[in-house]
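K.L.:
The listed protein sequences correspond, in order, to chains A and B.
So for the first sequence, our numbering puts the first residue at 1193; every next one is plus one.
So for the second sequence, our numbering puts the first residue at 22; every next one is plus one.
Bear in mind the hints are in silico, worked out from the structure with no lab data behind them.
There may be inaccurate statements among the hints.
To be verified - In the DSS-like style, the derived pairs of lysine-lysine whose C-alpha atoms are separated by at most 27 angstroms in a straight line are: (1) B/K265 - A/K1218; (2) A/K1198 - A/K1228; (3) B/K255 - B/K186; (4) A/K1209 - B/K146; (5) A/K1489 - B/K255; (6) B/K302 - A/K1218; (7) B/K370 - B/K302; (8) A/K1218 - A/K1203; (9) A/K1525 - B/K141; (10) B/K219 - A/K1537; (11) B/K370 - B/K183; (12) B/K273 - A/K1218; (13) B/K146 - B/K219; (14) B/K265 - A/K1209; (15) B/K219 - B/K183; (16) B/K183 - B/K59; (17) B/K273 - A/K1525.
Predicted, not measured: the structure shown is a model, and the values here were computed from it.
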Amino acid sequence: MDERCKALWEKLSAALKPQVSTDTYKRWFSAVELTKATEDSLTFRVPNNIYQFWIESNHMAALQSAITSAVGAPRSVQFFSSTDSDNENDFGTPEAQKSYRSSSKATGLGLGLNPRNTFESFVVGPNNQIAHAASLAVAQAPARTYNPLFVYGGVGLGKTHLMQAIGQYVWAKKKTSRVMYLSSELFINEFIDAIQHNTLVKFRKRYRQADLLLIDDIQFLGGKERSQEEFFHTFNTLFDGHKQIVLSSDRPASEIANLEHRLVSRFEWGLTAELQPPDIETRLAILRKKARALQIKLHDDVYQFLALRIRSNVRRLEGALMRVASFASLSGKELTQETIEHLLKDILLEERRQTVTIEQIQRKVAEHFDVRLADMTSKRRPASIAFPRQVAMYLARELTKASLNEIGDAFGGRDHGTVLHACKLVKKRIKEQDNIRQTVSFIDGALQR
Amino acid sequence: MKFSATKEKILEGLQQVQNVVSTRTTLPILSNVLLQAKEGTVNLTTTDLDVGVRGGFEANVDKAGATTLPARRLFTIIRELPSSEISVEVDGKNAASIRSGQSFFKILGLPEEEFPPLPKFENAKVVTMRQKDLRDGLRKTAYAISTDETRYVLNGVLFSFKENKLMLVATDGRRLAMVDIELEFPRSHEADIIVPTKAVTELQRLLTDDGDVKISVGTGQIAFDLNNTLLVSKLIEGNYPNYKQVIPSEAKERVTLERETFLNSLRRVSLLASDKSNSIKLNFSKNNIEITANTPEVGEARESLPVVYKGRDFSIAFNPEFLMAPLRNLAEDEIFFDLIDEMSPGVLKIQTPFLYVLMPMRVSA
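Work out the full structure: start from the sequences and follow the hints.
P.N.:
Below you can see the structure in the form of structure tokens.
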């Protein structure tokens, strides 16, 4: 346990003690060690697997709230037991262990870059061709062609992978280059810290000296006014100094709420590349590549099945593969379609939920409120029609991946502001009125069946 | 092969073995039952490669021999046959002709050689105990087995042979059930093994009140010989977690409860425990336990149970299903419920060596 972890654990246990009984604390937590703390996860060492089982089953809520009060935000929690080394299979998925090991042997980067996220391990398909080509061009000749590079796309489509690949490529080519990779959240936190401790100069120096600045999930800057201003200046300094900037977001720059116009226009300055969900061939290729990397052997049908059923998200695809593979190796049973379906039922359910279309939503809502389907798109707006329409817009926003503009278009060419207003209104009324919450969740449930 | 027997005998024999046959299997032979006829008995064997069962029934064997037939199909046919006398004849191509009264069936089987043999137990450690003891022990523990496949070491019952005791343990991380059975065996036979859920379920069906069971522990596998039936199973590899860690050292309060009264109250009140939070609260006060359940937007239930209790007033919440499970499976009239405080696990005990540790749920307000 290094000093930082030790201090953090002390803080954590202080927050934990009041939440559990003394006996529980002594029994379960006194032997726990915090071995690794990163931006988003904490790894604990426990004497053996009963600690993991019992803490996971019974004390997770207490532990999480202690973590939140100690570090300010929830973290994902991992356990590993000291007896693991002599009994590999005794605990967790092989993936969890592998990731633990590979990251602990960090490749000298120390930049928060995952060594597995390289261009070689990125599977290129028609969905991400442009983004990949642009990233490669940027990595080969930083600040020459596309500056800034703005990559956007949904969850788990490879934004982070591409950014980290750029970082590693640049760093591998020239070890002296200053590569900075961070999430916008970290940027904001460090900024706040700098304000608190009056170390703004140091903060500025740190960021404005980078040769390559990679900022992940830039959408979190939305609404943080002073951070935006600070970032604006950092951006200008780097840009004028011909340093490469790469940004990623889950939506186009123009759709990030509460982002200043001068930033939006700057983000759109260089090249904007979209990542789309992979098509079936690409998904198959991803599965095979991942399987090879993890030395998993599964029947062709299994890959087919996974690629066919899990469409939206690469991370989920890989998770499903891991789950199936570990089940196969642990149980030694033949994998039939039924077992896989059973094994992945939560994932498959989630998947299905995302195939709801706006039209289905309109139909269902119209039916529920007993208004005509045509009213969904009409210009009329008595309350009896306007409210169902707003509910439908809200559901479209929640359940589909359509942008505000697309939703507006689907509702008779309304503009995105109208949609945004509808969403806010419905959200507010859900909070305030129980019957509305029930209605909306009923329709939501009916849609996902 | 040719034999005749009564419908009841055949059905009884098939019922013992047919549960092991899995309905969906990649190997067709595994949905078949192996029939071996010789000298007045027909042996039946089924397996899914993890668990295998061998039983049999008395029959007039006219011609010895062996074959395999689709187990489910055979069972449904026999069950529907009109007369009690049934004769079965199998030709060289494994086609079985079944005659009974006016009915005639012909079903196609697979050759005996394709059937995977049950594992051999040589140099196994053998322990003999009363079937009744094992059955009771499993009944008191098996309900606590974890169904979470990611924690596969918990998907079974731990058989811990130690110091002339067999300890059975099952846990799913929120509760733990444990039983001690006195048993004599040599020091060299001490071992900790995990018997998978499927084998435990089958074993519970096969065990009876009389007679002994011979347990043979081999490497990675176990056999239970119940005189006329045999169950073999693969063991779960891995180390069972150190369950002793879970057991609270001392209790502050102890209440003695009538098992059935307590169970019935819980069952009634739990009708109004919501699916989501699914908890019921026990409010202890002087000589009284008040059991309450409350679901917003649905309603609430409350029931009082007079007991002898002199400790401090406090409330503790449990998952009703978890609290009722042991009460349903115990036979004793009187149980002891040991508690420390609202955040520490509760422990159910009876006169004989049995222990059930249950984690409380968090009480809000």
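K.L.:
The structure should be examined with respect to each hint, and the outcome stated for every one.
P.N.:
Hints versus structure:
no. : hint              : verdict
1   : B/K265 - A/K1218  : holds, 15 angstroms
2   : A/K1198 - A/K1228 : holds, 10 angstroms
3   : B/K255 - B/K186   : holds, 22 angstroms
4   : A/K1209 - B/K146  : violated, 47 angstroms
5   : A/K1489 - B/K255  : holds, 24 angstroms
6   : B/K302 - A/K1218  : holds, 26 angstroms
7   : B/K370 - B/K302   : holds, 20 angstroms
8   : A/K1218 - A/K1203 : holds, 16 angstroms
9   : A/K1525 - B/K141  : holds, 21 angstroms
10  : B/K219 - A/K1537  : holds, 22 angstroms
11  : B/K370 - B/K183   : holds, 21 angstroms
12  : B/K273 - A/K1218  : holds, 17 angstroms
13  : B/K146 - B/K219   : holds, 22 angstroms
14  : B/K265 - A/K1209  : holds, 23 angstroms
15  : B/K219 - B/K183   : holds, 24 angstroms
16  : B/K183 - B/K59    : violated, 41 angstroms
17  : B/K273 - A/K1525  : violated, 47 angstroms
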